[in-house]
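Taking the hints into account, I'd like the entire structure generated from these sequences.
Line order of the protein sequences matches chains Y and V.
For reference, each letter of the first sequence is one residue, going 1 to 295 in the numbering used here.
For reference, each letter of the second sequence is one residue, going 1 to 295 in the numbering used here.
It is worth saying that the hints were derived from the structure and are not from the lab.
Please read these numbers as outputs of a predicted model, since none were measured by experiment.
Glycine residues also receive a C-beta, built at the ideal position from the N, C-alpha and C atoms.
Any given hint could turn out to be false.
Stretches of chain Y that chain V covers, calculated by requiring three or more beta carbons in the stretch to come under 8 Å of a beta carbon on chain V [as the list claims (entries may be wrong)]: (1) 136-150; (2) 219-233; (3) 246-256.
Residues of chain V placed beyond 12 Å of chain Y at every Cβ, according to the derived structure [as the list claims (entries may be wrong)]: (4) Arg29; (5) Asp37; (6) Arg47; (7) Asp51; (8) Ala52; (9) Glu59; (10) Ala71; (11) Asp78; (12) Arg82; (13) Thr89; (14) Ser113; (15) Asp137; (16) Arg151; (17) Pro190.
Quick list of the computed label-pair ranges, beta carbon to beta carbon [claimed, not checked]: (18) Asp155(V) with Thr231(Y): 49 to 57 Å; (19) Asp37(Y) with Met246(V): 44 to 52 Å; (20) Glu42(V) with Gly130(Y): 52 to 60 Å; (21) Gly141(Y) with Asp283(V): 23 to 31 Å.
Number of protein chains: 2
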Amino acid sequence: MMFDTVSIWGMGLLGGSLGMALRERGLARRVAGVGRDLARLETARARGACDAVTTSAEEGFAEADLVVLCAPVAVIADSLPRFARCFKTGAIITDVGSTKRRIVEAAEKAVPSGRHFVGSHPMSGAEMSGVAYARADLYVGNPCFLTPTIRTDPDSVARLAQMWSAVGSRIVLTDPERHDALAAAVSHAPHIASSALALLAAGLGEDENYLASIAGSGFWDTTRLAKGDVTMWEEICADNPDCIAMALDRLIEELRTARRLIAEGGDIRDWLDRARQARLELDDLRPAPAKGPAT
Amino acid sequence: MMFDTVSIWGMGLLGGSLGMALRERGLARRVAGVGRDLARLETARARGACDAVTTSAEEGFAEADLVVLCAPVAVIADSLPRFARCFKTGAIITDVGSTKRRIVEAAEKAVPSGRHFVGSHPMSGAEMSGVAYARADLYVGNPCFLTPTIRTDPDSVARLAQMWSAVGSRIVLTDPERHDALAAAVSHAPHIASSALALLAAGLGEDENYLASIAGSGFWDTTRLAKGDVTMWEEICADNPDCIAMALDRLIEELRTARRLIAEGGDIRDWLDRARQARLELDDLRPAPAKGPAT
Chain Y
1 MMFDTVSIWG MGLLGGSLGM ALRERGLARR VAGVGRDLAR LETARARGAC
51 DAVTTSAEEG FAEADLVVLC APVAVIADSL PRFARCFKTG AIITDVGSTK
101 RRIVEAAEKA VPSGRHFVGS HPMSGAEMSG VAYARADLYV GNPCFLTPTI
151 RTDPDSVARL AQMWSAVGSR IVLTDPERHD ALAAAVSHAP HIASSALALL
201 AAGLGEDENY LASIAGSGFW DTTRLAKGDV TMWEEICADN PDCIAMALDR
251 LIEELRTARR LIAEGGDIRD WLDRARQARL ELDDLRPAPA KGPAT
Chain V
1 MMFDTVSIWG MGLLGGSLGM ALRERGLARR VAGVGRDLAR LETARARGAC
51 DAVTTSAEEG FAEADLVVLC APVAVIADSL PRFARCFKTG AIITDVGSTK
101 RRIVEAAEKA VPSGRHFVGS HPMSGAEMSG VAYARADLYV GNPCFLTPTI
151 RTDPDSVARL AQMWSAVGSR IVLTDPERHD ALAAAVSHAP HIASSALALL
201 AAGLGEDENY LASIAGSGFW DTTRLAKGDV TMWEEICADN PDCIAMALDR
251 LIEELRTARR LIAEGGDIRD WLDRARQARL ELDDLRPAPA KGPAT
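What follows is the structure, encoded as structure tokens:
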């Protein structure tokens, strides 16, 4: 038993899946589901994601050794001042936000001494959101960033790392600034590029039946991300604009280089080959896909 | 029996797979493998891709009712004048090149009257090339462009369409110009974008082990194409530079729009939503993945 009580604020895909994983693996004596929508909380309880539910943050956080905030980054950042007085002494508080600077900054201002905030970003998701798609193995085999700063309690980082490891994540430690820059390059820019490729095809003015019939697997794969939840991606863009802009500048620069080499008959082979080698090297180092949860 | 003798010039992934499919489905009495490398031809024969082999185009094409040229676009275009006198009267000649303007133009100049050239582009491929990866179901469920012009014999188009349908392809008819523009947008630009995303990640200066550990499925999927055969892609870029440049210009324009909206707090939601809707509409129209070959 790693924790007595874990309170999860926001029982959607990420919060619901974490509750299921904690309960299935016996990592908490009690998981409390906290949120604003009682019907959704009851659905989460019915799915086995929590033992108890409440719409009161005060009540829901009072006994929690670990509080996990599962809401959009802006909502978490704005709610932290109000929540701060509800955390019990010694509690560890974390979140699952896709960007980290804003939340960590808000937490370091709001959370009183004796309560320990550590930012988390589990890189687990799905095209579908909501507790209906939650599953206990959502975190298995996926990276989870922890983003301590100079002000973060090391023991709390260690306990949180144990928790995320225990639900199947691979722990990656970095600071919030570096996290947001890396995420922009390996996650946010690929999403924007995928959307831009979908718009390029749509802008051809061809009949959609025709377009769908001529698209090959390369098109379907590179544009898959464009199907992602618009609200979530709008929020990510709003929370990480400078890093995303910098990553897109670099991406555009690479595309302009390729365009120039192709149009002018330059050495596109070397450019293609550098990309291929880089991708193959990463492939070789790619962690093996994890199996389902150990039982 | 659709053809008496089919001659395939170039027994690699595409040529070998076509030979296997024709033989397995009883579409030709005899498949002749023609090429420059006898050892490779013998491997193709051992794998069941042809009945006979020869390194002489004159001999290999003499009896062929259908000749399929399976080589890089430039090689086919350059070889056509030499091959032209080897095709028998009434023969249908086609190719499998990824771009069509250059080959069709060369063929319309070189092929004498009474022999019928029709350009083909089966959008089937794999990351691995060579006859070792050939398989009889390579074409099943994938689009195959046929690119007739005003000078093309309609009966030959019809017979060729029957052949590609019989090995499992979905036939798409268009002219060479439109083919190359469409392919640039839905295939060539996605490949370049995928390579650019791989170079963006590689350019971060992070340790590769670290990068591989933080990459999520979005990164792996959007950069998968970057692993493709460099020689083939170099050739495609050389054969279709104007259309690729135009597609990349549009892609860069979309990325610049997104970058501006994100950096300036504009309506990125609408941009993301248009991309999502476009992709979802295509998804709904996506032809069902075909099953293996009918027996």
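Hints broken by the structure, by number, lowest first?
17
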